[in-house]
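Please assemble the complex out of the two chains, which come individually in their own frames, going by the hints.
Which chain is which? The protein sequence lines are Y and S, in order. For what it's worth, our numbering labels the leading residue of the first sequence as 1, then goes sequentially. For what it's worth, our numbering labels the leading residue of the second sequence as 1, then goes sequentially.
By construction, these hints were calculated from the structure, which means they are not laboratory data. Just so we're clear, the structure is a prediction, and the values are computed from it rather than from any experiment. We treat Cβ as the ideally placed atom computed from N, Cα and C, and that holds for glycine. It cannot be assumed that every hint is accurate.
As the list claims (entries may be wrong) - Here are some, though not all, of the chain Y residues that point toward chain S, as calculated from beta-carbon distances under 10 Å:
| # | residue |
| --- | --- |
| 1 | Ala15 |
| 2 | His158 |
| 3 | Arg162 |
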Amino acid sequence: MARKTFFFGFGLAVALFAGWIVFPRVLYVQKHQPLDFLHKTHAEKSGIADCAECHTIREDGTFAGLPPMEKCAGCHSDRISDSQAEATLVDSYIKTGHETPWLVYSQQPANVWFSHAIHVKRAGLACTECHSSYGESDQVRVYQVNRISGYSRDIWGHSISRLRRAPHEGMKMSDCEDCHRRRNVEVGCLGCHE
Amino acid sequence: MKVTRRDLLVWSAGAAAGLIVTPVPWKLLDDTSIWSQNWPWIPQPARVPVEMKQSSCTLCPNGCGLRVRMAAGWPVGVAGLSTHPVTRGALCPLGFAAHQLNWHPQRLRTVRHRGSNSSWSEAQRAFAKARAEGPIVIIDGYPGRAASSVLETFAQKQNGSYRVVEGPETRALKPYASWSGVPASALGYDLENAETVISFGAPMLDGWGAPGRFTRLWAERAAGRSDPQLRLIQIDSTLSRTAARSWQWISIRQGSESTLAAGLAAALLEQKLVPARGPIPAVSVDEAAMQTGMTADAIRELARTIVGRTPAVAIAADDNPSIAALNLLLGAVGTLGGIVRRSKDAVDHIAAGDAISSARAVLIDASVPWDFIHQTDAEVFRFAAWDGGSTKADWLLPVPGFLEELTDVPTAPALAVETYAVAPSLVKPASEVQSAAQFLATVEPSLIPAEKIIHTRCYNIFRALKGNVHGDEITPVAKFASAQKLEAQLWKGAVWVGEASPPGGIRCELKGWPAAPVLGAAENWSALWPAPVLPPLASKLYNESSLREAPDRRTV
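The following block holds chain S by itself, in its conformation from the complex (with noise of 0.2 Å):
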């Protein structure tokens, strides 16, 4: 038999039919998959036994406990501390992702000036240069650190300037820092001890404040209760994820939240819920329903709401005096449950948006938000542990990236009590590094090192026997038997949490209800990262899920 052309179409045809019904064509395509995971220019962690270290995650301000998974001196998993007195072991998309963010496609390994190659003693002439010839501007992101009082005594040394970006939590009790001399950084709130939680557009269950806080509150106190112990009235112009999970969500226009705090202070008072203590609003309460688009019906039973369990606390988005103005006349400032003052230390500092009315040179440090833009025509040093895209920066500085810097963890923003912690550097940066204060103490020799000042700072801890340390249990300070053996638990991942301060010590000096602000959006942690260096596991769970609001979420 002469075996035709046609006669192997239709072979072949049969051999494909064949081949569908066995396993060769699901199993090359599983395996390849995994073949695809295994290519050699992929970085594989070692096999070798796992080391568990635990740290605080220094990417953000809010210093979440972290338990790092080490092999062979890498990090290869990250996952929250369930001892962490703050984050009870919660953490944001990006902190469970941070271990990916040192290999990173965008991680700046070079020093760059002007989109070229260059090297750090160039930048150094060039700083040096600046320095000698005018002042020098310095923008912190993640002030209180010891870094940070190497960046601000440089600044001083130099007749420059240190300036801090505040994120949206701090930036929300800068009224009442004005309005009592109280620094806003000194301030917190006391949602441990209130019972009724107004968030007039802060992202409350998703992404305000230290990841877990709040949530954990709400887990334990409010989720599935219809009349839970800690009630949580959420006023937002959309269905926003924390809406969606609150007690109550109260739909106003966009924009009218400082109406609506103005239209419930007179609801209050026309009502006498509260006795009449500091202004009058200008506002009556169906003015606020015009404007809020609510029925004043439904403003008043809000007020009621709102004094009928009580301590009651009104939270901001951002900077918004009305609504600080509605805290002061439902008596939640300096109180129990309220806005309460953390430390006595503290002080204020210039926010970094204010004009600079003349710098020679601007540095910015990494802590400093990548969109941060700073208006100014001097020579601009930004450091960076990623590149997140186009910069009008001079100089681009590499720092060390996630876990390899040894730093120090001060309170995070609106925590009721301080804290304390250091995150030792558990990794070996790759490349030639230097943080802000580092590339400065090159410069100017006489500034003490941060290592130095986490010493003091722990020694001070020790000396003033207050609080008590977190660790795998909690020791009180006085039980310690020195100040090295303190520090040592620190250094082990241990928390320092202070004392709670008792009520008081805010006298704020209100004389007329204050006009009302041009508002931004409300921000979580996602609007402060720049979007080109999410580390791939953060994508999956952020960006790729159903975490994320939809861009157009916040349009009316």
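Extracted from the complex, chain Y is given alone in its bound form (with noise of 0.2 Å):
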């Protein structure tokens, strides 16, 4: 009897550590920024006070999402600088007119239609609310992406069993339904699924 819960006991605690610590390591490969973009920076150095100049909404409503290089450019089309970060913005991105392929931490599927013109103006959210404080933040934080289904770990939310999440944590449709009854707000299928 000994025996059997020995083996028995073993086999659990290795399925426990397997899926709970080894698993997330594996499922999740780290990638880097192509540069240190420092939010913080920007809003102290050169003003920036609203998230909206420079991720805006078009007057149609979409959204323009990550500035194009040209918003960068504005301020960068030389270094200013002694940032190593603002040298590979300058010499491999700005002056080759090549777009630089940030990683999206808030990438979501081909099949959903997020509008950020009616979370923000509509409704009034805030961005943190669902971006947490990043653009608040002095360092770059690492990309994580799921080997399997291709998106940012964020989307999931940094726990992997996703108990006790921060308010912003996880970016899952049944984030979205949470959020809407919370606030008390209907909305169909084909409100993000057009």
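So this is what it looks like as structure tokens:
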């Protein structure tokens, strides 16, 4: 009996260790951004106070997403500091005319249509409600990509169990539904899946 | 310690038990399902800035306003256009999913001749031979378009025949056309000014007419009110979706709608609720009560309710002269809130169902519902974008799909005012396709192309200086500086709306109360669309949801 308990317990312990500790490390691949963009530096030194100054919503309500190269080139057409990141930006992208291949933490699947205009302009949600205080951070997060689905870890949330998540963590459909339920806003399938 | 086979099995059992309480199975299930959405052969919209285009749906003659989300030149999402003057943002489930139709496995991509692959040149040769040997019959399911004009002109040049397949809303207006001489396509229901609508089985809140037209009126003037400004009395043999939401549901025996209409007429006259105009019904209130399953008192009460709030108009599910005669008695023909004449230019066409004496070939336009069966021995050239299954057509000819062809959108059936819109080609077809009008233009180069006809129609609207153009804002036609500017607005998704016709203009002559017709079941869009060609999203929205009535719903 003791022998059985030992082997059963040993198997159980190995599975728990593999499932909770090894699996998340194996599942996600770590990638680095092409250069270290610091939101805090831009907010403090350049006086950019509002996210919408770079992440604009167009007149027709569509979201421009990441600012194009021209926006960066407005200040960084030439190097204005001795930062290595700026050197990469100017030499590798602005001067060559190539867009910076940013890794987007909140990139949703192609069958999802999320309207920033409705959430930000009509509902008055702050950017931090979904994107945390990343806009104030002074370091670049490592981008973790799921080997199977190909999407960022931010979609699932940092907690592999999805328990005890912070309110801004996770961008799964269930997170959208929870938020809508909390705010008593009904939306049908076609609201996001047109 | 020697590890035995039994130890390994026990270890595995422990590991399996442990694995269940880790995120592994659930996370793998979730990730695999997302992975399966991204297989390389599944089309994915490009990751590019999204563009919004406005247009009109051309899948049926209702011409709903569309807001199309485009990515890299492909439509990736469709929503209703809230500025559209008729549909006001509403769409049917098929319209919502229409952008998926172009990718549908049933999409026709090659010319088919009796089940085998063929080519356009062979089809042209066969058609030219048939044309030389005898008359051609052309069948159109969406009359009034510029393309329809091309089809009709060709038929006339060939001494052939141009026929149309009419929807239930237009067929319901046929009795007024035969009594007054005004074409059914020139008539409409002025629902916007009606206060009581008596629907004899017409699915008013479930697919009747242009989506959103009546449902919006209902939501604004009636829903949730005990004494609504707009009363909908639904006469139905079962608790249909419309009946369940109506102000009052009157349950009668299936097929006794004509008798009830006659009984109501008798009750109206008996109680002197309306002046005695027109013929007297042959059925008494008691006889009607016996046949419909209602009580005589209930019919008399219903008659009083109908005239209690006027204008009142009765709407039939299909061609039913008894219900049309009831409207005559109610004074609902040619008056505000009733049956109105919206156009002076419309012409009547031969119905496609009428027998064809002799034809060498029949050309069926893509707008004709797939299930339309034509009893003929002639060679059939069937144009279609999607193959709906078994067909007796000799030739299957692929046409442009959703938003792949420039077309115009004339007035939808049953509207009280004229409208006109243009649906430009937003997408390039993926394969070699031709519409019936384009095909005929290759056979007969003297035909005026549809694009030129659209241009002329826009010019005529500009020249008439009547009505308004509904775009992001409403602009009177008189304020447009040139026809080109007006046309440009229509190409961007705006809709021209004509002026409401003054009352009158329809003089019906009816000598006796009409006999009861043989009735068909009420239809909505889903009855006309071939089942295998439903896009996945429409399947989810409609077929797998409670929106779809059970097939046995209409049996008593």
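Now the hints, each set against the structure:
{"no.": "1", "hint": "Ala15", "verdict": "holds (3 Å)"}
{"no.": "2", "hint": "His158", "verdict": "violated (13 Å)"}
{"no.": "3", "hint": "Arg162", "verdict": "holds (8 Å)"}
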